[in-house]
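Protein chains in written order, with the working numbering: chain C, 1 to 512; chain F, 1 to 643; chain U, 1 to 100.
None of these hints come from the bench; they were simulated from the model.
By construction, the Cβ of each residue, glycine as well, lies at the ideal position given by its N, Cα and C atoms.
Heads up, some of the hints might be wrong.
Where chain F lies over chain C, by a calculated footprint (3+ residues, C-beta under 8 Å) [to be verified]: (1) 186–199; (2) 236–244; (3) 270–280; (4) 294–300; (5) 328–340; (6) 492–498.
Simulated DEER-style distance windows between Cβ atoms [to be verified]: (7) F/G625 x U/A67: 28 to 36 Å; (8) F/S205 x C/R396: 21 to 29 Å; (9) C/Q397 x F/D113: 20 to 28 Å.
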Amino acid sequence: MHLLLSPMQQTDKLISPSVNWGSLTPLLVLLGAGLVLLVGAALSARGWAKGLYATLTAAAAVAAGVLQFVLWNSTVHHGPKSLVGEALVVDGPSLFIGISICAALLLAALVTDDYLRREDIDSPEVYGLYLMAALGGLVMAASNDLIVLFLGLEVLSIALYVLAASHRKRIESQEAGLKYFILGGFSSAFFLYGVALVYGATGTTRLRGPESIKTALALTVETDKHRALLVVGVALLLVGLAFKVAAVPFHSWTPDVYQGAPTPVTGFMASAAKAAAFGALLRSVVLSMPELRDDWRPAIWVLAILTLVIGSTLAVVQTNVKRMLAYSSISHAGFILVGIEAAAHGGESGDRGIASVLFYVLTYAVLVSGTFAVSTLVGRSGDGAHGLDSYRGLGRQRPVLALALAVFLLAQAGVPLTSGFVAKFSVITAAADASSYAIAIIAMLAAVIGAFLYLRIIVSMFLEDGDAEGERVSIPFGTGAAIGISVAFTLVVGFFPGWLLELARDAATRLY
Amino acid sequence: MLNVIWLIPLLPLCGFVINVVLGRRLGDPKSGLLAAAMCGAAFIVTLVTYFDLVSRPEEARQHVATIFSWIPVGGLSVDAAFLADPLSITMALFITGIGTLIHLYAVGYMHGDPKFSKFFVYLNLFAFSMLMLVLGENMLVTFLGWEGVGTCSYLLISFWHTRESAATAGKKAFVTNRVGDWGFMIAMFLAFQAVGSLSYSALNSAAMGGTLVRSTATAITMMLFLGACGKSAQLPLYIWLPDAMEGPTPVSALIHAATMVTAGVYLMVRVNPVIATAFTWAPAVIAIVGAATALFAATVAVAQTDIKKVLAYSTVSQLGFMFLAVGSGAYVAAIFHMVTHAFFKALLFLGSGSVIHGMHHEQDMRRMGALRKLMPITAGTFIIGWLAIAGVPPFAGFWSKDEILLAAWAHPTNPALFKVLWGVGLFTALLTAFYMTRQVIMVFFGKARWEDHSGDHGAHGDFKPHESPAIMLLPLVALSGLSIVGGVLNLPFTDSTKRLLHWLEPLVHFGEIEGHASAGEKWGLAVGTAALCLASMGVAIFVYQRNRAQAVEPQILADGWRYDRFVSWFMGHPGRQAFEATAWVDRNIVDGAVNGVATGVRRSGAVLRRTQSGFVRNYALLIGGGVVLMLAWFLLRAVGVFG
Amino acid sequence: MLLNQFLLLGAILFAIGVYGVVARRNAVLVLMSIELILNSVNINLLAFALRNGGDPTGHTFALYVIAVAAAEVGVGLALVLLVYRNRRSIALDELSEMKG
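Same shape as in the complex, but just chain C (with noise of 0.2 Å):
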C-alpha cells in the first residue's frame, strides 16, 4: 500500500511552461471540431444528417475567428504576449493571418457542401482535413519557433495533399495530389535542412524574444563562426517559404494541382494555404532576422519581380480557367512578396509594408474563395469543365452568377472600389515609400499585362454567346451564400478601406 502510495506524495515542485489556455482557444476549436467530426461521424453508422458537417466545420471557423478577435482586444488592452514557453505568439500578425485563415475556412465549407454531395461524395473526411490544414496554417502564423513552425507547416500540408487528391473518381486529382506530396515532401525537406543549420549556427530555434534567433544574430561576433552555416540555412528556409507561397522558381507544382484538386479546396489552398506561408514567412524571415536582411533582401526582390512577370505572362496563354487562375495566384504572391520586400526595409516604412501585406492577404483569400466557388458551380456535375467555353454565354445564362465573377475578377485586375485595387495600391505605395521603384514599376507593369486575362474571362462571359448544349449552371444555397459574402466583402473593402487599413496597420504595430 505504501509503495502504492508513494508516487502521490511526491510533493517536488515542476517547472512546467505557463499555458495559457485561454489565448489557445482559436486553436482548441478547430482541433476539437476536427476530432469530433471524425470520430462522431464513425462511431454512428449512417453517417450525419446532410450538411451537419459543413454545418459544424464552418461553425467552427466562426468560432475561432471571434475568439480571435476577442484575443485582438485584449491585446489592445494588455499588448501581445507569448504562450506555451514562448513556442507560440498572440500578438497584431499572427492574429490578422489568423482570421484570414478562418474566412478562408468558413468560406470553403459552405462551397465544398453542395460540392461534396454534387459530386456524390459527401464524407465527414474532408472536412476534417480543412479543420486540421487551418489549425496549422493558424500555428505557423503564430508561431515563434522553428519547430512550432514547421509542425505548423506539415499539420496544413499533409492535410492539403489529401485534399488535393480527394475526389477519388477524378484521374486529375490523383495527380495533383501525388506531385503536390512528392514537391511539397521535397521543399519541406530542404526547410528542414534549413532549421537545422540555422539551430547549428545560432544554437536555437526561437525566433524573438530573450535568447533567440534575433538576439543571436544582434551579435556578430558569436555568429560570424558559423556565418556560412548560417546563410546556407536561411537561403534553404526561404525556398521551403517561397515554395509554399508559389514563387517562381518555386512554383511549378501550383498550376497542376490547382488545376487538378477538387474545386473547392483549390480555393481552399489558394486562401488560406498561401495566408499561413506568408504569416510564416514574415515571422520567421522577415521580423526575427533583420540583421541578415542586406542577405535575404536582394532574394526576395528577384523572387518578386520573376513571381510578378512569370506569373502572369504565363496566365495569358491558358485556355483551362482554373489554370489560369493557378497562375494568377502565382502574380498575386509576386504582388505579395513586394509588400514582404518593403517590410524587410525596417523603421516606418517597413511596417508599412507589413500592414500592406496583411492587407493583401485578407482581401485576397476572400477574393480567391469567392472566385473559386463561381469556378466549381461553372465546373458543373464532374468538375470538369473549366475550360473558357464553359464561361461562354454564362453572362445570359446565370447573369447574377456572371456579374459575382466579374466582380472578383476585376477586383484581381486591381480595378478602383474594389478591394483588389487597394490592396494592389497599399502594396505598391509600401514598395515606393521604402524606395524600391524599380519593383514597384514592374508591379504596375504586371498588373497591366494581367488585366488582359481577367477580361478575357469577362468578355467570354457577357460578349460571346453560350453553348445551347451545355448544361445549365445550378446555384445551390451554401455556394451561393459564399459568393454573396466574397462580392459584398469585395465591394464594401473597395468602397471603404479605411477601417480595414487601419486595422492593418494596427495590427503590424502591435508586436510580440
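Got chain C; can you put chains F and U on it based on the hints?
Below, chains F and U without anything else, positioned relative to chain C:
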C-alpha cells in the same frame, strides 16, 4: 447648385442600372430614349452648374464636392470627390451635350438591332465613366473613369463582332490603352511620392509654389503624356483608333471623336503647372509628337477609301494639333480646338453614319457618289462639317486651328523648333482640307457609282440610298449649327471676345505661354492659312471632280488640266507611293509593334510553358535549380563577393 | 569525433536524397529519397545538439522530425496506392496529364 455636381455622373449611372435591369423589357426604342433622357438630364444639371459658376466672382469658381473619404488612412488620404471649375464644367458641358445628341441619333441608328438595349447600357456606362474622368478631384477618381472609358470602348468595339473574332477584336485597343494606363499609374505614384497627395490642387499648387522638384515634374509630365498618348491616340499608340471604327457609328462619334480621345488633352491641361515646371524639353517633346502625329495621320487619311477610316485618321491628326497646342503652352487653344473639333467631328461621324445607314451598311467611298440629291440634309450638314474642319472662315475649325498655329509660330523660348512645327502644322492643315474635300466629292458629288453595284445588294432588289429618319437628322442639324458658330467661343478680335480665355484664365495662367506676335503677323497668318486651305480644297475639287468640270468649262479646264495632270501624276506616282508607304508603315510597322507586344507576351508565355512539362522530376529539377541559385547568392555574399 | 564529420555525412545523405527525387521515376523510390533527406536533417540536428552540450532542443526536434516523417510516408504510400489502383503503375512520368 455646385453641391450637387455628383448628380452629373450619377444620372447616366442610373440610366445604366435601369437598363441593365429592365433594358430588355423596355426594348426598342424605349430603353434608348431612357438612356438619352438620362444623358440629357445630366446636361441640364451641368448647364445649371455652369450658370452658377459664371455668376460667381472669378476666384470663387472652384468647388470640391466630397462624397466620402475613400482611403482616409495616415499618409494616404484619398477622397471620392468631384471638382467643379471652369475646365471640368466645360468638358462636362460638351460631353453631356454632344452625348445627348448622339444618344438620340443612336436610337434611330440602332433601330432593329437585336442587342439594342445592351448598346445603351454601354453608352450610359461610358458617359458615366467619362464624367468621372473629367469631374474627378484627384487622379484616382480620374483613373477610375479612365479605366472605365477604356473598358467601354473595348466592349463597344467588339459590339458587332462574332464569337470567333470577339476575343481578338479589341485587342489592339486594349494593349495600347494598357501601355497608357501604365504611364498614368506611374505618374500617379510619382505625384503621390512627391506631394503626398493625389489631388490635382495639391499637385498644381506644389508646382506653382516651386516645391515640386523639376526632375520629378518632368517625370510626371512624361508619364502622364504616355498615358495621354494611349488614350488620345498619339504616335506610336494611335493604331487602335482606326480599328475602333469597327464599332457602330454612334460609338465612333461619341467615343472615338468627341469625348474619350480628348481625355489625354484634358489631363495635360489639368496639370499645366506641372508641365510648366518641367524641363523645357518635355513640352517640346509633346509638341513634336503632336505635330508628327498630325502630319502622319493626315497623309494616311489621303489614301483611305473607307468613309469612316478617313474620319478616324483625321481624328488622330486633329488630336495631334491639340497636343501641338499643349506643347506650345497654348492650353486655351487646345481646349478651344477640342470643343470645336467635338462639334464638327461628331457631325461628320454622324453624317457618315447616316450615309452608311442610307447605303445599307456600305462603307466604301468608291461605291458612293452623287448622294447629295438623295440625302439632302445629310449632305448639307456634312458639307458644313467639311468647311469647319477644312478651316474655312468663319466656321468653327478655322478659329481654333488658327490659334494653335499662331501659338506655334510665336513661341518665345525655342523659335527655331516651333517654326518648323508651325510649318508641319500648316502643311497638315492643307492636307486636311485636301482629303476632306476628296471625301465630300467622292461621297456626295460626281457619278453615282453605287448604281454599278446595286446587284451586290441582292436582298434589296432595287437598291436606292435613302435619307435617314428625323431622329437621326435632328442631331446633325444641331451639330452643324454649332460647327458654324462654334468660333464665337474665342474670337481673337478684341480682348472681350476671347471668352474662353477669360473663362479658363485662372486655371492656366501659370502654364500658358504668351507668344510674341504683332497684329500684322496675326492677320497675315490667319488670312494666309485660310487662303492656302481654300486653294488646297480647290486642287482637290479639280482632281476628284474632273469629269464634271470638263463638261462645263473647257477653257478653264485646259489650264486646270495641266495642273491637274501634274497633281494627279503626283498623286498617282510619287505622291501616291508616299501615301501608300505611310499607310504601309501604319499597317505593318506600328501595328506590328503593338501586336508584337501582345504576341511577345504570348510567345514568351509559350516558351515558358515548356518548363511546365507535367513531369514531377522536371519540377523537382527546377526547384533544385532555384535552390542552387539561392545558395550561390547567399554564399557569394557571405564570402564577400557582393560586398 | 569532429562536428564536421557529422555535417559531411548529413550533406552526403542530403545530396543523395535530392538526386533521388530528381532522377528516379519510381514513386516509392522518390518517397525513400525524401526520407533520406529527412534523416540527414536528423543527423545534423543531433550533431548540433551534442555540440551545444546536449541541448534538448535538438533532440526534441529530431523526434518531431521522425514523427512527421512517419506521417508523411503514411500519406505518401496511400497516395501511391491510390494511383496504382487506377493505373497499375507507379511510374511518375505517366502522371503528366496536366501541363503547360
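Hint check:
no.	hint	verdict
1	186–199	holds (count 3)
2	236–244	holds (count 5)
3	270–280	violated (count 0)
4	294–300	holds (count 5)
5	328–340	violated (count 0)
6	492–498	holds (count 4)
7	F/G625 x U/A67: 28 to 36 Å	holds, 31 Å
8	F/S205 x C/R396: 21 to 29 Å	violated, 50 Å
9	C/Q397 x F/D113: 20 to 28 Å	holds, 22 Å
Violated hints for the displayed structure, listed by number in ascending order: 3, 5, 8.
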